[in-house]
Amino acid sequence: MDFITSYSVRRTGAAIITMMAASVIIFAFIHLIPGDPMYVLLGDGATPDQVEALRHKMGLDRSIFIQYMAWLSNALQGDLGTSLFFQEPVLTIIVDGAETSLLLAAITMVWVVLIGIPIGMIAATRQGSAIDQTASGLAMLFASVPTFWVGLYLILIFAAWLGWLPSSGYPSIFYDEGGIANLRYLLLPSLALAAPNAALILRLTRASMLDVARQDYVRTARAKGIHPRQVTIRHIFRNALIAVVAAFGFTLAALISEAVVTETVFSLPGVGRLIVQSILRRDYPVIQGVMLVTVMLYLVINLAVDLINRMLDPRVELD
Amino acid sequence: MELLKSCLAPFVKRKLSMFGLMFLGLIIFFAAFAPFIVPYDPLVMDPIGRLASPNWSHWFGTDHFGRDTFSRVVYGSRLALLIGTGVVTFSLATGVPIGVVSALYPRIGLLLMRGVDLMMAFPSLLLALGLIVILGQGVSNAILAIGVVYLTTTARLTYSVALRLKAETYVEAGLSMGGNVWWLATRHVVPNLVSPLLVQASFVFAFAQLGAASLDFLGLGAPPDVPSWGNMLAESRRFITRAPWLLFFPGVMIVLTAFSLNLVGDAMRDRLDPRFRDELANKGKP
Amino acid sequence: MLSVRDLTVSVTTREEPLDIVRNVSFDIAKGEILGVVGESGCGKSMTSLAIMGLLPKPMIDVRSGQILLNGKDVTELTPYDRVQQKCGGISMIFQEPMTSLNPVMRAGEQIIEALDVHDQEADRSPEKRARELLDLVHIPDAALQLSAYPHELSGGMRQRIMIAIALACNPEVLVADEPTTALDVTIQSQILSLIRELCDELSVAVMFITHDLGVVAQLADRVAVMYAGSVIETAPVEPLFKDRSHPYTNGLFNCLPDPTHQTARLNPIIGQAPLAGEINDGCRFAPRCDFIADDCKKGDIDWVKISEDHQARCKHPQRKGGMS
Numbered sequence: 001m002d003f004i005t006s007y008s009v010r011r012t013g014a015a016i017i018t019m020m021a022a023s024v025i026i027f028a029f030i031h032l033i034p035g036d037p038m039y040v041l042l043g044d045g046a047t048p049d050q051v052e053a054l055r056h057k058m059g060l061d062r063s064i065f066i067q068y069m070a071w072l073s074n075a076l077q078g079d080l081g082t083s084l085f086f087q088e089p090v091l092t093i094i095v096d097g098a099e100t101s102l103l104l105a106a107i108t109m110v111w112v113v114l115i116g117i118p119i120g121m122i123a124a125t126r127q128g129s130a131i132d133q134t135a136s137g138l139a140m141l142f143a144s145v146p147t148f149w150v151g152l153y154l155i156l157i158f159a160a161w162l163g164w165l166p167s168s169g170y171p172s173i174f175y176d177e178g179g180i181a182n183l184r185y186l187l188l189p190s191l192a193l194a195a196p197n198a199a200l201i202l203r204l205t206r207a208s209m210l211d212v213a214r215q216d217y218v219r220t221a222r223a224k225g226i227h228p229r230q231v232t233i234r235h236i237f238r239n240a241l242i243a244v245v246a247a248f249g250f251t252l253a254a255l256i257s258e259a260v261v262t263e264t265v266f267s268l269p270g271v272g273r274l275i276v277q278s279i280l281r282r283d284y285p286v287i288q289g290v291m292l293v294t295v296m297l298y299l300v301i302n303l304a305v306d307l308i309n310r311m312l313d314p315r316v317e318l319d
Numbered sequence: 320m321e322l323l324k325s326c327l328a329p330f331v332k333r334k335l336s337m338f339g340l341m342f343l344g345l346i347i348f349f350a351a352f353a354p355f356i357v358p359y360d361p362l363v364m365d366p367i368g369r370l371a372s373p374n375w376s377h378w379f380g381t382d383h384f385g386r387d388t389f390s391r392v393v394y395g396s397r398l399a400l401l402i403g404t405g406v407v408t409f410s411l412a413t414g415v416p417i418g419v420v421s422a423l424y425p426r427i428g429l430l431l432m433r434g435v436d437l438m439m440a441f442p443s444l445l446l447a448l449g450l451i452v453i454l455g456q457g458v459s460n461a462i463l464a465i466g467v468v469y470l471t472t473t474a475r476l477t478y479s480v481a482l483r484l485k486a487e488t489y490v491e492a493g494l495s496m497g498g499n500v501w502w503l504a505t506r507h508v509v510p511n512l513v514s515p516l517l518v519q520a521s522f523v524f525a526f527a528q529l530g531a532a533s534l535d536f537l538g539l540g541a542p543p544d545v546p547s548w549g550n551m552l553a554e555s556r557r558f559i560t561r562a563p564w565l566l567f568f569p570g571v572m573i574v575l576t577a578f579s580l581n582l583v584g585d586a587m588r589d590r591l592d593p594r595f596r597d598e599l600a601n602k603g604k605p
Numbered sequence: 606m607l608s609v610r611d612l613t614v615s616v617t618t619r620e621e622p623l624d625i626v627r628n629v630s631f632d633i634a635k636g637e638i639l640g641v642v643g644e645s646g647c648g649k650s651m652t653s654l655a656i657m658g659l660l661p662k663p664m665i666d667v668r669s670g671q672i673l674l675n676g677k678d679v680t681e682l683t684p685y686d687r688v689q690q691k692c693g694g695i696s697m698i699f700q701e702p703m704t705s706l707n708p709v710m711r712a713g714e715q716i717i718e719a720l721d722v723h724d725q726e727a728d729r730s731p732e733k734r735a736r737e738l739l740d741l742v743h744i745p746d747a748a749l750q751l752s753a754y755p756h757e758l759s760g761g762m763r764q765r766i767m768i769a770i771a772l773a774c775n776p777e778v779l780v781a782d783e784p785t786t787a788l789d790v791t792i793q794s795q796i797l798s799l800i801r802e803l804c805d806e807l808s809v810a811v812m813f814i815t816h817d818l819g820v821v822a823q824l825a826d827r828v829a830v831m832y833a834g835s836v837i838e839t840a841p842v843e844p845l846f847k848d849r850s851h852p853y854t855n856g857l858f859n860c861l862p863d864p865t866h867q868t869a870r871l872n873p874i875i876g877q878a879p880l881a882g883e884i885n886d887g888c889r890f891a892p893r894c895d896f897i898a899d900d901c902k903k904g905d906i907d908w909v910k911i912s913e914d915h916q917a918r919c920k921h922p923q924r925k926g927g928m929s
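Chains as they are written, first to last, in the numbering used here: chain A, 1 to 319; chain B, 320 to 605; chain C, 606 to 929.
Just so you know, these hints were derived from the structure itself, not from any lab.
Every residue, glycine too, gets a C-beta built ideally from N, C-alpha and C.
Fair warning: there could be bad hints in the mix.
From the structure, some residues in chain A lie toward chain B, with a derived Cβ separation under 10 Å [stated by the list, open to error]:
no.	residue
1	T18
2	I25
3	F29
4	I115
5	S144
6	V150
7	Y153
8	I256
Build the full structure now, drawing on both the sequences and the hints.
Structure below.
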């Protein structure tokens, strides 16, 4: 199958190596926090006995390398430690929050793609027109807004003043009553998250299309006498898309970052809010677990984006 | 005078970027002369006049402690500039050397850039948060944390530009004539870096605003009593229905500052980009 | 048959529009190759784009003049318009085959795209027709090449694909803008023979733009020399080489290094061509001309007939010869 090329194998290999390296950093993270890691992990109220027991259990009397391997093998088996605050396995807590965060991210991406790409296309095809100038100006404006501010305003307008939508929380669409209709809890947060990212994708689509439109092969396409719309879609858009898809990796990174704040604003029970609260509560096992999971997810997404890029652009071969 | 004119040229043509430039000037003015402009001390509380909507004595209203919003907004510009400058300086001071060294010495370079790639494997806010956990909260730590994030993009940018320059024939010629690496770096690589880095700096400055505001909002940046725009937004949260102006003014400041920086950065990029895209009309050859 | 009459193309600027092609006229008959020579910036590319209808409007556009294809006025028409109005085809091949082909479409798809528009015969499948075209341009192993992406092909192959695409449009006129400049000399020669062959076989009128006099000698039936936006001399190829009259044409030939003589220096034409914005009265070549006279600097320069079908735009044409 054309898909399993040497490129995809090499790229996957590189991703795995990066994951390993990142895991080292996350592991070392605990040891970088000022203070004895034992107290860091157990909290200040731990007794010396508990400390010694944990020290032995974690093998901190062994070399750092063995500690890392132990931690890593635990992690790979799903044991990310126990939350200081909840006294429950970290992985369970993360999984609980995953539904919210993943759904939020998915819905946001839908907005970003549905708003950013078409408007960017239109702005590019009507360059210089009133539509283009308005769209570009608004896009630049929205690219400069903090998502939490947009979020707060959305709450103010749609939840407080108009009462149309809820302002906080998220009952699960799978487990809680309400079912699919509970998605409306994610409507405002996803719009807030989508605002700056859709703006960036809009600008990128526009810029990419304008760039491609200047290329020689577009001139060749026109010379063939095909319909202008076909030129726009088959030649200009198809090539411009490559740059836009490549940017999805960055967009998702931005989403992950901004979701942290957005979940806080809307009190969504997601992984973002979890990490903020854990930082404030000094719940280090959770912080570490979330970082590991998030980074791994991010790397997987980047890998997927790269491979899709390869499918779109046959020129991509070597590193 | 000529230099000044040519610096201003890209902005004069576009009204919007002119606005951006002027707004930034306003911010700088606010930051520099804050103590003299503000009608009230930003920290002074006035329980009686709390949550007053905008009126003649309090242009932007007051917050839940009765502090004058306008004065706090003006003082907030100081922090905004401080953070922006700090982040840009840090990222340039660390990123540029890494990028240049990586380009000029390929073996170390490979290692360094792998390290940078590794840092980029962490989503930006997570990286910043991680550093905050280790370093603790506070303005200088926030600068450091956000600075590290943009160190990576700066290093990458510098690296790719420096690599490209290294491959330019005139650099090869210089090297083959016996020019030593450092001389080459200063005479050829660095001057060519100025324009892309200048553009990069303005965008980093803008992102630093948003990043710092986010950190402040989460309570992980500037301490709560410091009048930063992010802090003000965090505090306004409980009162947004009663006192929407508390949400409006600090937020607008953040948006306009970031927006102006983006406009300025865009204008500079259009000007400095050697492909004169729409400038065919300058009497050139067909 | 292609007729260009008094074509003027200008660039709109904030002030006056600038003419980059002025009052250009020439005819190309069926089966004839017209070589258009001139230095960079003389307006030959813009003329070709104007003929094709591919000028980057509204910035650059035809200000006045006509382009007639078999008598029909096609001046303002884009390639798409020509298809809609069934005007007959004008195709173009460009200088840089690497960048002139869509990198994400296979070669075959790009040819078939053109066939879908122009090929009205439904009895053959597009794939078959595409393979026939590849045969016509001497590309072996058609199936393999058709499924290849442009970056997987060599420069010569890409240019042949370009020619195949151009032929797929059933052209009556073929405009070739320096198609061999970016290619190796050996490939260059092959492509030139190909163009000659196709021109003869299909009776297309060819406008071949180049700055290489050697190519002109090899390929062209007639020649038009352009300078600073205007045609300054036209002739069939032999008379031009033997009896070149305009001082600029002469200068071009003198620039060529002579393999037989042992000279220490080359003979460039001193000075630079005027920019589009510089308008001076009289002959535009005057500042650089060795034979300048007082009346050269005033008034329009009309065509002076040198001989049958050979004319030059010069008040004092200097007939030189010698180059074969």
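Violated hints, by number in ascending order, as checked against the structure:
4
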